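Given the sequences, and given the hints that come with them, work out the whole structure.
Below, each chain spelled out in residue letters.
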Amino acid sequence: MDPTKKTLQPYVTGSSVLAIKYNEGIIVAADTLGSYGSLARFTDLQRMSKVTNHTLIGGSGDISDLQQIQKTVESLILENTGFKKDEEPLTPKEIQQYISRVMYNRRSRFDPLWNHIIVAGYQNNESFLGAVDIFGTFYEDNTIASGFGAYFAQPLLRKGYKEDLTKDEAIDLIKTCLKVLFYRDARTINKFQIAEVSEGGITISDPFELETHWEIADWQEGHL
Amino acid sequence: METVELYNSQEQIVLDDLSEPVKTGTTIMAVQYKGGIVIGADSRTTSGALIVNRVTDKLTPVADKIFSLRSGSAADTQEIAAIVRYYLNILSTEQGKPPTVKMAANLFRQFCYVYKNYLLASIICAGYDETDGPSIYSIPLGGAIIKQPYAIGGSGSTYLYGYCDANFKEDMTKEECVSFVTNAVGLAIARDGSSGGIIRYAIIDSDGVERHTIYGDQVKNYFK
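For the protein sequence lines, the chains are A and B, in the order given. According to UniProt numbering, the first sequence is numbered sequentially starting from 1. According to UniProt numbering, the second sequence is numbered sequentially starting from 1.
Derived by calculation from the structure, the hints in this document are not laboratory data. Treat the numbers as computed from the prediction; the structure is a model and nothing was measured. One or more hints might be untrue.
Here's a subset of chain A near chain B, in silico, CB distances under 10 Å, partners left out [unchecked claim]: (1) Ser-15; (2) Leu-33; (3) Leu-39; (4) Ile-189.
Where is the CB? At the ideal position from N, CA and C, for every residue including glycine.
As structure tokens, this is what we get:
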């Protein structure tokens with residue numbers, strides 16, 4: 001095996017991506033930080049992107065690999081455009097499966113794309129929410145969380161999920177999870193984006209800040 | 001020291017063996033003015049990327065008017081500070097007067113030097129005594145002791161060398177020192193993933209110690 005073709009470590013990385021289905025679509029969220037080890041190097045990154053009018057992908061892990069995946073998926077869409085009339089060239093599931101193949105092939109060569117990708121789409125009145133990990137493992141669920149989110153946010157998302165969740169309830173739940181992650185993940189900043197994937201299409205919000213509470217600081221005196 | 005780490009499928013450390021210390025990856029700072037000292041620190045204790053305590057108090061008193069600012073292993077520095085406090089207490093009882101900062105700093109040095117192969121401790125010892133007035137001593141890894149007009153330490157301090165070199169001047173007023181410290185710690189918190197939370201600072205002079213906190217939402221957000 002060629003050692004120059006073996007990926008050993010990620011460099012610029014993004015932290016968690018969260019997603020939850022609600023009654024009329026999917027909410028996906030991430031912060032806007034690209035860390036370089038512990039350095040908060042790039043503070044205005046968009047880690048979620050629209051690939052078709054009805055599908056969004058978001059990723060945590062290495063940013064260069066994420067950008068490469070975005071390019072690859074964009075190419076795939078272009079290559080498949082024009083064959084179907086009045087329809088998206090590819091369904092969200094097809095996009096997820098393609099990404100999974102790519103990831104699996106890379107892992108089999110010991111040169112993975114160092115990412116955890118979330119695929120969210122809304123087509124024909126149906127939500128699709130799935131993920132693909134660094135090895136190519138793919139799965140679908142009502143709630144998805146990558147990175148630290150898998151430990152801190154997923155239990156909260158699962159507890160709060162219900163069949164008829166409204167958009168506002170979903171957004172509140174996601175914001176609570178984002179806040180917990182900002183409190184407890186050392187590779188985040190207080191600057192987030194939320195994306196809405198629904199019948200009307202995909203909207204990615206402008207970056208926003210969340211209100212944080214530090215009153216408990218008054219009860220911490222010294223360390224003994 | 002050999003470390004063993006168990007990774008999960010997302011390449012995150014889920015189980016460290018005990019030889020990997022819980023660190024106060026940190027930003028700490030002490031600045032002298034005529035008649036006193038301003039000391040400041042962030043409030044984040046991390047274990048890898050997990051924030052174990054987001055409201056830590058890193059300003060540890062070892063005598064009435066002498067503080068130690070701790071960075072490195074949380075356990076090592078807590079223990080050393082407790083031992084130094086014990087000895088300082090005995091010494092000042094024997095001498096019949098409050099201990100000097102020089103004494104405290106040299107006790108820290110003694111420990112950090114003799115046990116250098118076992119410890120991960122980098123400490124700033126700062127305070128006020130009647131003999132020498134305000135004094136600041138840095139005791140970095142290895143156990144050297146260096147007296148300085150101002151000192152910065154911890155992982156976040158790497159981002160402050162330029163700022164401090166450009167903005168420090170001798171004979172600042174108390175208020176200028178407070179601004180200098182709080183701005184600097186705030187800047188480090190913005191960029192260092194291992195620093196964050198609130199800014200705790202204290203002003204020490206012949207009248208005693210005044211402690212203050214700048215809460216998380218009031219810490220200046222250097223990128224919007």
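Status of each hint after checking the structure:
The interface hint given for Ser-15(A) holds, since its Cβ lies 8 Å from the closest Cβ of chain B, which is under the 10 Å cut-off. Residue-level restraint check for Leu-33(A) holds (minimum Cβ-Cβ distance to chain B is 9 Å; threshold 10 Å). With its C-beta approaching chain B no nearer than about 6 Å, Leu-39(A) sits inside the 10 Å limit, and its interface hint holds. For Ile-189(A), the suggested interface contact is upheld, since its CB lies about 8 Å from the closest CB of chain B, less than 10 Å.
Hint check: no violations occur; every hint is consistent with the structure.
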